[in-house]
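Visitor: Chain order of the listed sequences is X and B.
Take the first sequence: its position 399, counting from 1, is numbered 399 in our numbering, and each next residue is one higher.
Take the second sequence: its position 13, counting from 1, is numbered 13 in our numbering, and each next residue is one higher.
Any given hint could be a false lead.
Okay, derived cross-link-like pairs now, DSS-like style, lysine-lysine, Cα gap no bigger than 25 Å in a straight line [to be verified]:
no., chain 1, residue 1, chain 2, residue 2
1, B, Lys222, B, Lys201
2, X, Lys78, B, Lys355
3, X, Lys260, X, Lys27
4, X, Lys406, X, Lys379
5, B, Lys323, X, Lys414
If you anchor each label on the Cβ, the simulated ranges turn out as follows [unchecked claim]:
no., chain 1, residue 1, chain 2, residue 2, range
6, B, Tyr172, X, Gly153, 34 to 42 Å
7, B, Gly151, X, Asp413, 49 to 57 Å
8, X, Asp264, B, Tyr33, 39 to 47 Å
9, X, Gly153, B, Lys201, 33 to 41 Å
10, X, Tyr116, B, Asn211, 39 to 47 Å
11, B, Pro73, X, Gly289, 44 to 52 Å
12, X, Asn47, B, Asn53, 30 to 38 Å
Hints are computed from structural coordinates only; laboratory data are not their basis.
Glycine residues also receive a C-beta, built at the ideal position from the N, C-alpha and C atoms.
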Amino acid sequence: MTMKTKNILLSLLLVLCTSAFAQEAPKGDVLFKGGTVLTITNGALENTDVLVRDGKISRIGKGLRAPNGVETVDITGKFLMPGIIDAHSHIAGSAINEGTSQVTAEVSMEDVVDPYDVSIYRALAGGVTSIHLMHGSANVIGGQNETMKLRWGQTDPDMLRFEGAPRTIKFALGENPTRGARARGIQPQSRMGIEMMLRNSFSEAQEYEKRWKAYNASKDPKKVAPEYDLRMQTLVDILNGEVLVHCHSYRADEIYMLLKVFSDFNIPRLTFQHANEAYKVAPELAAFGATASVFADWWAYKLEVYYSTAYNAAILHENGVLTSINSDSGELIRHLFHEAAKTQKYGNLSDDEALAMITLNPAKQLGIDNRVGSIEVGKDADIAIFDNHPLSIYAVPQMTFVDGVKYFDINNDKADQRIYIDPESSIEEVTLFEKMDYNHRCMEGAAIFFGQNLINHQH
Amino acid sequence: MKKLNSYLIACLLTIVSTMAIAQEDDQVLKAEYGKFALTNAKIYTVTKGVIENGTLVINNGIIEAVGANVQIPNDAKVIDVAGKEIYPGMIDGGTTLGLNEIGSIAEAQDYREYGAITPQMEALTAVNPNAVTIPVTRVSGVTTVWTMPQGGVLPGTAAAINLFGYTPDQMYAGQRGIVMNFPSTAGGRRWRRLSEDEIKKRQERAMKEINETWDKAELYAKIENAEDVRNYPEIEALVPVVKGETPIFIEVNAAQDILNAIEWIKGRGYKQVVLTGVAEGWRVADEIAESGYPVIAGPVQAIPTRSSDSFDAAYANPGIMSKAGVKVALRTMDNENARNLPYHAGFAAAYGMGKEEALKAITINAAEILGVGDQIGSIEVGKKANFFVSTGDPFETATKITDLFIDGYKVPMTSRHIRLYDEFLNRATGVDKTKPAIEIKKK
Numbered sequence: 001m002t003m004k005t006k007n008i009l010l011s012l013l014l015v016l017c018t019s020a021f022a023q024e025a026p027k028g029d030v031l032f033k034g035g036t037v038l039t040i041t042n043g044a045l046e047n048t049d050v051l052v053r054d055g056k057i058s059r060i061g062k063g064l065r066a067p068n069g070v071e072t073v074d075i076t077g078k079f080l081m082p083g084i085i086d087a088h089s090h091i092a093g094s095a096i097n098e099g100t101s102q103v104t105a106e107v108s109m110e111d112v113v114d115p116y117d118v119s120i121y122r123a124l125a126g127g128v129t130s131i132h133l134m135h136g137s138a139n140v141i142g143g144q145n146e147t148m149k150l151r152w153g154q155t156d157p158d159m160l161r162f163e164g165a166p167r168t169i170k171f172a173l174g175e176n177p178t179r180g181a182r183a184r185g186i187q188p189q190s191r192m193g194i195e196m197m198l199r200n201s202f203s204e205a206q207e208y209e210k211r212w213k214a215y216n217a218s219k220d221p222k223k224v225a226p227e228y229d230l231r232m233q234t235l236v237d238i239l240n241g242e243v244l245v246h247c248h249s250y251r252a253d254e255i256y257m258l259l260k261v262f263s264d265f266n267i268p269r270l271t272f273q274h275a276n277e278a279y280k281v282a283p284e285l286a287a288f289g290a291t292a293s294v295f296a297d298w299w300a301y302k303l304e305v306y307y308s309t310a311y312n313a314a315i316l317h318e319n320g321v322l323t324s325i326n327s328d329s330g331e332l333i334r335h336l337f338h339e340a341a342k343t344q345k346y347g348n349l350s351d352d353e354a355l356a357m358i359t360l361n362p363a364k365q366l367g368i369d370n371r372v373g374s375i376e377v378g379k380d381a382d383i384a385i386f387d388n389h390p391l392s393i394y395a396v397p398q399m400t401f402v403d404g405v406k407y408f409d410i411n412n413d414k415a416d417q418r419i420y421i422d423p424e425s426s427i428e429e430v431t432l433f434e435k436m437d438y439n440h441r442c443m444e445g446a447a448i449f450f451g452q453n454l455i456n457h458q459h
Numbered sequence: 001m002k003k004l005n006s007y008l009i010a011c012l013l014t015i016v017s018t019m020a021i022a023q024e025d026d027q028v029l030k031a032e033y034g035k036f037a038l039t040n041a042k043i044y045t046v047t048k049g050v051i052e053n054g055t056l057v058i059n060n061g062i063i064e065a066v067g068a069n070v071q072i073p074n075d076a077k078v079i080d081v082a083g084k085e086i087y088p089g090m091i092d093g094g095t096t097l098g099l100n101e102i103g104s105i106a107e108a109q110d111y112r113e114y115g116a117i118t119p120q121m122e123a124l125t126a127v128n129p130n131a132v133t134i135p136v137t138r139v140s141g142v143t144t145v146w147t148m149p150q151g152g153v154l155p156g157t158a159a160a161i162n163l164f165g166y167t168p169d170q171m172y173a174g175q176r177g178i179v180m181n182f183p184s185t186a187g188g189r190r191w192r193r194l195s196e197d198e199i200k201k202r203q204e205r206a207m208k209e210i211n212e213t214w215d216k217a218e219l220y221a222k223i224e225n226a227e228d229v230r231n232y233p234e235i236e237a238l239v240p241v242v243k244g245e246t247p248i249f250i251e252v253n254a255a256q257d258i259l260n261a262i263e264w265i266k267g268r269g270y271k272q273v274v275l276t277g278v279a280e281g282w283r284v285a286d287e288i289a290e291s292g293y294p295v296i297a298g299p300v301q302a303i304p305t306r307s308s309d310s311f312d313a314a315y316a317n318p319g320i321m322s323k324a325g326v327k328v329a330l331r332t333m334d335n336e337n338a339r340n341l342p343y344h345a346g347f348a349a350a351y352g353m354g355k356e357e358a359l360k361a362i363t364i365n366a367a368e369i370l371g372v373g374d375q376i377g378s379i380e381v382g383k384k385a386n387f388f389v390s391t392g393d394p395f396e397t398a399t400k401i402t403d404l405f406i407d408g409y410k411v412p413m414t415s416r417h418i419r420l421y422d423e424f425l426n427r428a429t430g431v432d433k434t435k436p437a438i439e440i441k442k443k
C-alpha cells in the first residue's frame with residue numbers, strides 16, 4: 001500500500017466516522033394548506049398556507065403551491081400553531097437528581113437523555129415539540145439542563161438535542177434543598193443558609209477565575225496551571241452569562257433574595273421556575289428583567305405553595321414580567337394548551353398572550369426564540385395542528401412536526417408506540433394512578449435521603 | 001303592615017346586595033338566604049332539557065319553580081342573568097377535600113388512619129368546613145364532593161358534602177359509604193416494582209384478609225341483637241353494607257382486578273355497590289355493563305396505565321364505558337384542584353363521551369350513584385338549590401362562573417386566590433414611592 005492510498009483510506013475513514021458521529025437530524029418539506037394559522041407574533045391568519053422547506057418555514061400566505069415532490073397536508077378547518085415548548089420537564093431523563101452535594105454544577109442532563117421514554121411520544125401527542133429536561137431540585141446549585149427537540153424514534157440521545165441552544169442550569173431554593181440538608185445534618189437548613197451557599201459559591205468561582213486569568217496572563221516560562229475544576233468553571237460561565245440560570249423557587253422572599261444575589265454578582269439573566277409567589281414581587285421581577293415559568297394552577301401540595309393564586313401568571317404578565325406556563329409532569333405536558341387557556345379564566349389574557357405562554361415566552365427563557373416559538377418565515381418548522389382552537393377544551397391534537405418531519409399523526413396512531421420493550425418483563429406493568437406520584441420527579445433520586453413517603457409532593 | 005314588611009325586606013336586600021358588589025377593606029362577604037328569582041337565563045336542567053330565556057325561583061333553599069313562563073314572586077330578590085347559563089352544581093365523585101389542607105404536612109392531613117381495616121373512621125368528622133381549599137373549589141362551580149378516607153384495605157366511611165356550611169353536619173349532603181381498596185394484581189409504582197410472585201402473594205394475602213373481615217361482618221349482622229355480643233366497631237361499621245342499607249365503594253383499576261372485584265361482590269351478594277377509579281374499565285366495559293354496577297371514573301386527565309396503551313386511554317375511558325351501557329360519574333381524585341372537575345369532564349367529552357353525557361356524569365349521574373339524586377344533580381322543582389351561573393359552556397376553560405348557590409345559599413364569589421389577585425395585580429410599589437422596586441447593579 002502506497003503512502004498515498006493509505007492517506008486516501010485514512011481520510012475516507014475519517015469522513016465515515018465524522019458522518020457517523022455528527023449525523024444531521026432529519027428535515028422535512030411540507031405544505032400546510034388552508035388552515036387558521038396562529039402565528040403568536042402576528043395574530044391569527046385565517047385560511048392561510050404555510051410552506052416548509054428543508055425543515056424551515058419558508059413562506060406564509062394564501063394560495064401557495066406545493067413545489068415538485070413536496071407533500072400537501074390539507075388543514076382546512078383546522079388550527080396550526082407553533083410547537084409547544086415546555087420550559088420545565090423531567091420526561092426522557094434516566095436520572096434526575098445528583099444529590100450528593102449541595103453544589104453539583106459539573107453534572108449535566110445531557111448524559112442521561114433517554115430516547116426510549118414513551119412519554120416523549122405522548123408529549124408529541126399533546127402538540128409539544130421541545131422540552132427543557134431539567135435537573136431536580138434536591139440541591140441549591142444542581143446540574144445543567146438539556147434543551148431538547150422531541151424527535152421520537154431517534155435512538156441516539158444526541159439526535160434529540162436542540163442543537164445550538166444555550167446552556168442552562170438548575171438552582172433550587174426553599175423547602176427541597178433545606179429538607180435534604182436537614183436529613184443529612186449539613187448546611188443549608190434555612191433560607192439564610194441558601195443565600196450564603198450561593199454567595200460563597202460565586203465568590204469561590206470568582207477566585208478560581210482570577211487564578212486562571214493570572215496564569216493565562218503570566219509570561220513566566222515556569223508558570224504552573226491552576227487545577228482545572230469543572231464545577232468552578234461552570235459557575236464562572238454562569239457569572240459570565242454563558243449559562244442561563246433556571247431557579248426552582250416558590251416564596252416571594254427567596255425570589256427577592258436571588259434577585260439581590262444576582263444583582264451583586266452582575267449576572268444579567270434569570271428565570272424563576274414554579275415561582276408560585278412571584279406575583280407578590282412582580283414589580284421587582286420586572287425591574288430586574290427576570291422571567292418566570294409557572295404552573296397554571298397547582299398549589300397547596302406543600303407549605304411554600306399554600307399562599308398561591310391561580311392568577312399568578314396573569315399578575316406577572318400584567319406587571320411586565322415575561323412568563324411561561326410549564327408542566328413539570330409527564331401528564332400535564334400532554335395538555336399545556338389547556339393549561340395556557342387557564343390564564344383566560346384566571347386573568348382574561350388574549351388568545352395571543354395565552355398561547356405565547358407555551359410557545360414564544362418559554363423559547364425566550366431558553367434562548368431559542370430565534371429558532372422556534374412562533375410561525376415566522378425562517379424559523380424551524382416545529383408545528384402542531386389541532387382540530388379546534390387549541391385554547392378550547394375540545395381541542396384534540398391532530399399532527400405534530402419537528403423540523404418539518406411528522407412525529408405524531410392521530411390518524412396513524414397505533415396504540416403501542418414503544419420503541420423499546422424490557423425483555424425481562426414478562427407481563428406488562430400496570431401503573432395505577434396515585435396523586436402526585438408517578439409523574440412528579442423533581443425530587444426523584446433524592447428519595448434515599450428522605451424516605452419514600454415524603455417524595456410524593458415535592459416539586 | 002305586611003306590605004311594609006316586604007318593603008323593608010326589599011330595602012335590606014338591596015343594601016346587602018350592594019355590599020356584596022363593593023367589598024371594602026375589612027368587610028366580610030356573607031352568604032344570603034331567602035327567596036330569589038334568576039331571570040332571562042339559558043337553563044340546562046340536565047334531566048328536563050334546556051330552557052331558553054328561563055326563570056328559576058328559589059325559596060328557602062329549594063327550587064320552587066323553573067321554566068320559560070314562570071311567575072316571579074313579588075318578594076323575591078331578582079337577579080337578571082341575561083346572556084348567561086345556569087347549570088346544576090357540579091359533583092366530584094372522589095376527593096379528599098376538607099380532609100387535606102397542605103399536601104406535604106402530616107399535621108394538615110386527616111384522610112388516613114392507622115391500620116388496614118378501619119371502616120368505622122368517619123370522613124365527615126374530620127371535614128374542616130373552613131379549609132381554604134373549599135371556597136377555591138366552589139367558585140369554579142363544584143358544589144358537592146365525595147370526600148374519601150385513603151389507604152389500607154377498608155380505610156373508612158366517605159361522605160357526600162356540599163361545599164358550604166359552618167359545621168360538617170351543615171355540609172353533609174345526605175350519603176355516606178364504606179370505601180374498600182380491592183387487592184390489586186397490578187405491579188406497584190415507579191418507586192418500587194414488585195415481581196410477579198410478590199404481586200401474587202400480596203394479592204392472596206389481601207384477599208384472605210378481606211374475606212375474613214366480611215365473613216365476620218356477615219356473622220355479626222346475624223347476631224348483633226343477641227346478648228353478650230361484644231363491641232367490635234370496625235366490624236359493626238360493615239353491617240349496614242351486608243344488610244344493603246349503605247353502599248360500598250370499591251376502588252379497583254386494573255382490568256383483571258375489575259373482573260375479580262365483580263365476581264367477588266356477586267359472590268357476596270351485597271346490594272349497593274359502586275366501582276371507583278376503574279382506570280382500565282375500557283378493557284372490560286361490556287363485563288362492567290353486564291354487572292349492572294355503576295362507576296365513578298377518574299381522574300380523566302391521567303397518563304395511561306400501561307406504557308403500551310394509546311396516549312388517550314385515560315381520556316377515552318369514560319366514553320367507552322358509557323357507550324357500553326355503564327352508568328358513569330366522574331371524579332378528579334384531587335384535593336386543592338378538584339376545581340378542575342369541568343376540565344376532566346371536558347376531556348372525556350372531547351374524547352368520545354360527548355358533551356351531554358359528560359355533563360350528566362358530573363351532575364345527575366354522580367348524584368344518583370352517590371344516592372342523593374332525589375335532592376341534587378339537576379334543576380328540578382323540589383330539589384335543593386345547588387347550581388351556578390356561568391358565562392357559557394362550563395367545560396370551556398375560559399368560561400367564568402358568576403353566581404353560585406349551594407343548599408339554597410347565595411354564596412359569595414370569593415376565595416383566597418381571588419383576594420390575592422385583587423391585592424397584587426396592581427400592588428403598591430412600597431412605603432417610599434421615590435425608591436425603585438429593587439436596587440440593581442446589573443452590567
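Visitor: Among the hints numbered above, which are violated by the structure, and what are their numbers in rising order?
Guide: Of the numbered hints given earlier, those the structure breaks are 1, 3, 6, 7, 8, 11, listed in rising order.
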